[in-house]
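Enquirer: Sequence:
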Amino acid sequence: MKKLVFSLVAIATLSLTSCNDKAKEAETSEAEEAAVAEVTATAYTISTDDSTIMWKGFKPTGTHNGEIAVSGGDLSVEDGMIKSGTVTIDMGTIEVKDIPAEEEGNAKLKGHLSSPDFFDVETYPTAKFVVTGMSEADGKTMLQGNLTLKDATNNVSIPVSTSMNGDVMTLTSEAFTIDRSKWNVKYGSKSFFDDLGDSFINDDIELQISVKANKA
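According to mature numbering (1 follows the signal peptide of the UniProt record, and there is no 0), the stretch in the sequence shown is residues -23 to -1, 1 to 193, in order.
Keep in mind the hints are simulated off the structure, nothing from the lab. Just so we're clear, the structure is a prediction, and the values are computed from it rather than from any experiment. One or more of the hints may lead you astray.
Stated by the list, open to error - DSS-like, lysine-lysine: derived pairs with alpha carbons at most 25 Å apart: (1) K189 to K105; (2) K192 to K60; (3) K33 to K127; (4) K36 to K167; (5) K117 to K(-2).
What the hints assert, rightly or not - Restraint-style ranges between C-beta atoms, simulated for each label pair: (6) T25 to G174: 33 to 43 Å; (7) G39 to D144: 14 to 24 Å; (8) G39 to T149: 20 to 30 Å.
A virtual CB, placed ideally from N, CA and C, is assigned to each residue, including glycine.
Produce the entire structure from the sequences given, and follow the hints as far as they go.
Expert: Shown next as structure tokens:
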């Protein structure tokens, strides 16, 4: 009996820890019109070698994490504010970091994430974030943009910080989550299937963006 109680407590603790470790979900709404910068704005070209997106996925038994490469894009900046821009994401570069590269599980998970079960990389090789605005809210700088993933586009608002070092601009987001069901990523999702039991995968995907851009 004591062993049973201990096991239940351990499971509950793991669940609570997993929930508390997740970042806040980004405010999500219907797609909006892309922002257009004034001609006086300064153009920056994203450095693909210095930009990346960190990801984390959650399930009852634990988490997986990794990176996705940024394959291009540009930003227009005026008075320290991003006025317009596009970030293109190469979905074919999904990497798994929590499983050693030489282990079979690494390639297996990467292949599954790339398959039609998840992001269907063959059909949708890129994702895209298009800036729709930038604002201040509750002491934070919020960047709004249309995120296109697979065949769906939604507007998200994410907390970011920016800095300038000569002709280089750095944009870094706080960790945030998106609800993958809103982008039709259905595998193992309780939003689409009722008979999963404990074999579900959380709808939350945690992301953190780091972008460097050089003055054009």
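Enquirer: Does each hint fit the structure? Answer for all of them.
Expert: Each hint, compared with the structure:
no. : hint                    : in the structure
1   : K189 to K105            : holds, 16 Å
2   : K192 to K60             : holds, 15 Å
3   : K33 to K127             : holds, 18 Å
4   : K36 to K167             : holds, 12 Å
5   : K117 to K(-2)           : holds, 19 Å
6   : T25 to G174: 33 to 43 Å : holds, 42 Å
7   : G39 to D144: 14 to 24 Å : violated, 43 Å
8   : G39 to T149: 20 to 30 Å : holds, 26 Å
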